[in-house]
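There are 2 protein chains.
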Amino acid sequence: MKKIMNSPDTLVAEALEGLVISFPQYLKQVPGTHVLTRATPKPAGRVGLVSGGGSGHEPAHAGYVGYGMLDAAVAGEVFTSPTPDQVLEGIRVADHGAGVLLVVKNYTGDVMNFDIARELAEAEGIKVATVVVNDDVAVENSSFTTGRRGIAGTIFVHKIAGALAEQGASLEEVEAVANRVIAHVRSMGFALEPCTVPQAGQPTFTLADDEIEMGIGIHGEPGIERQKLRSAHELAQSLLEKIAMDLPLKAGDHLACMVNGMGATPLLELAALAREVSLWSKSHDMPLDVVWTGEFMTSLEMAGASLTLLPLDDTLRTLLAAPCDTPQLRQGVHHD
Amino acid sequence: MKKIMNSPDTLVAEALEGLVISFPQYLKQVPGTHVLTRATPKPAGRVGLVSGGGSGHEPAHAGYVGYGMLDAAVAGEVFTSPTPDQVLEGIRVADHGAGVLLVVKNYTGDVMNFDIARELAEAEGIKVATVVVNDDVAVENSSFTTGRRGIAGTIFVHKIAGALAEQGASLEEVEAVANRVIAHVRSMGFALEPCTVPQAGQPTFTLADDEIEMGIGIHGEPGIERQKLRSAHELAQSLLEKIAMDLPLKAGDHLACMVNGMGATPLLELAALAREVSLWSKSHDMPLDVVWTGEFMTSLEMAGASLTLLPLDDTLRTLLAAPCDTPQLRQGVHHD
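Protein chains in written order, with full-length UniProt numbering: chain A, 1 to 336; chain B, 1 to 336.
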């Protein structure tokens, strides 16, 4: 195992410090915790948004803390849910008097720990709602989940719910729009190479020189099928057809797409994949209104990518396009 | 070789299309070329900035096309200089009547082809100046260069010269500030794993399970020394001491630092490395005013990182902090 670190035991804590050092205009650390929150908090009376989960998915979730997205990100150890007391710290710092929405990816440990934290926060008088993202169409259950896994589609939930919260909507309204995104967002990924969890020291699976793993999650867990490497065109087709059938999509639907690198895939290849999504959407008469291409929800240094589609109505399109200002996503810039 | 592509022969052209599809608010392609230029051109009378080089370093250079940075990026094939006619297309589209500055990384092919393009543009009556970035302290000459190589420090040149050009400075002034950055910016990198050029199909070098290569460039070329893997702390010390002695730096110097991932290194590890830079700068009484952490100048899917230091005076600090709005770098956001 080769990693730039001092020790597997200190890597997450040191990286959180490093994120604050790198993005001081956005992030500060709640002292004594693994919670990163906004350097400039939201005004009173706005709904707060908290997300988090295991580390190893950077820029998720600290990269989305800032104006128009999250108020706090809670980091567990690599691929391990944060504990309820850490999530509780995140809820406390994100509460500005109008309640807090928890955006949780569907993994058993995360769902349980965020639920316990919610109960603890409610006992303190904080109003809390939870939404659970389950966008991965690859598997119905996995070694880490009951039901579908939450993967890159989570970032569209952060963006859209965060935009509505910034506008002063109520907790019920922000929860409702998050659930509308969750009802419609779908993703699927594949790996060219596995990743190695620092604490384990060994790759999570092995692939032959001409093999890929379809339907992988974001924790190095197995996919649904091992296949021969195929062209970018065939890979995109395969993922998009599976997603489109699941929704289902129809001609005329307007789409947002995320082309997400799993950690070790060059932007050169992700951009070539984005082109395939564009060709596919044109051939299916589904206008592609928004394309996000880059690393949004990674799995350490796994090589591969996931595609996420979200059909847009006017409300979702407007919220997706609303200004945001975070380490990873910045839009609606007004320059001098 | 595992890559998300249709063919090595079409990868770059398809990726350029994919970048425009992903960032239409920033980028458009000059028809029939490998030149990406601003979607909204600079006002007349401003100096234009052009950079470029071989592909495989994404987000360099198209990721820096936009307000406050470049006017055009010219892409060659992977790790291969763009031809003079392509660079000429970039100069033409970047000329808004006040001349064009070419920012060239010091590689023999790039320097030659950008020089020929400059002569062709001058024959058309366009005023052109060239600066050559040579920030890599690892080697004095290499298989690709006479003199030091240009690596990640190039992005500080884009940022600072681009900010001054946006303010309406003359070509001579923009050239002078670029040369001031070049005189002071220093970088050095290391690899944990090599990369594979699509056209070659084989890794550019091989490393044992416990080995790293110090002083690598950005084209998979050999470094200066093969070493045993060390801690993040020791790696940062080693690079920073070499850079600091080269400049030389002294206590009280204010610094900008870039912690640059080579392609396959997780942000988790880069953030941990950023923390080491911060500790080092504190222990040497050199305030770290700016830290950029992420992937700025990659080498395909190479694992590893480079560190770049730039001592700041008031002028450079102000220009580095000036607003910019590009696919990769956005700052000075005024949100609603």
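Treat the hints with caution; some may be incorrect.
Copies of the same chain look alike in the list, so a pair counts if it fits in one copy or across any two.
Heads up, simulated DSS-like pairs for lysine-lysine below, C-alpha to C-alpha not over 30 angstroms straight-line [unchecked claim]:
no., residue 1, residue 2
1, K242, K2
2, K228, K28
3, K2, K282
4, K127, K42
5, K2, K250
6, K42, K250
7, K28, K282
8, K242, K282
9, K2, K42
Please keep in mind that the hints were generated in silico from the structure rather than gathered at the bench.
Keep in mind it's a predicted model, so treat the numbers as computed, not measured.
Evaluation of the provided hints:
1. K242 with K2: So K242 and K2 pass the 30 angstroms test across copies only (23 angstroms; inside, 35 angstroms).
2. K228 with K28: For K228 and K28, neither the intra-copy (45 angstroms) nor the inter-copy (35 angstroms) Cα distance is at most 30 angstroms.
3. K2 with K282: Answer is between: at 27 angstroms across copies they meet the 30 angstroms cutoff, but 42 angstroms inside does not.
4. K127 with K42: within (17 angstroms within a copy, 49 angstroms between copies)
5. K2 with K250: Neither: 46 angstroms inside a chain and 33 angstroms across chains, both beyond 30 angstroms.
6. K42 with K250: neither (39 angstroms within a copy, 40 angstroms between copies)
7. K28 with K282: between (43 angstroms within a copy, 19 angstroms between copies)
8. K242 with K282: within (17 angstroms within a copy, 52 angstroms between copies)
9. K2 with K42: neither (40 angstroms within a copy, 45 angstroms between copies)
Of the hints listed earlier, those the structure fails to meet are numbers 2, 5, 6 and 9, in rising order.
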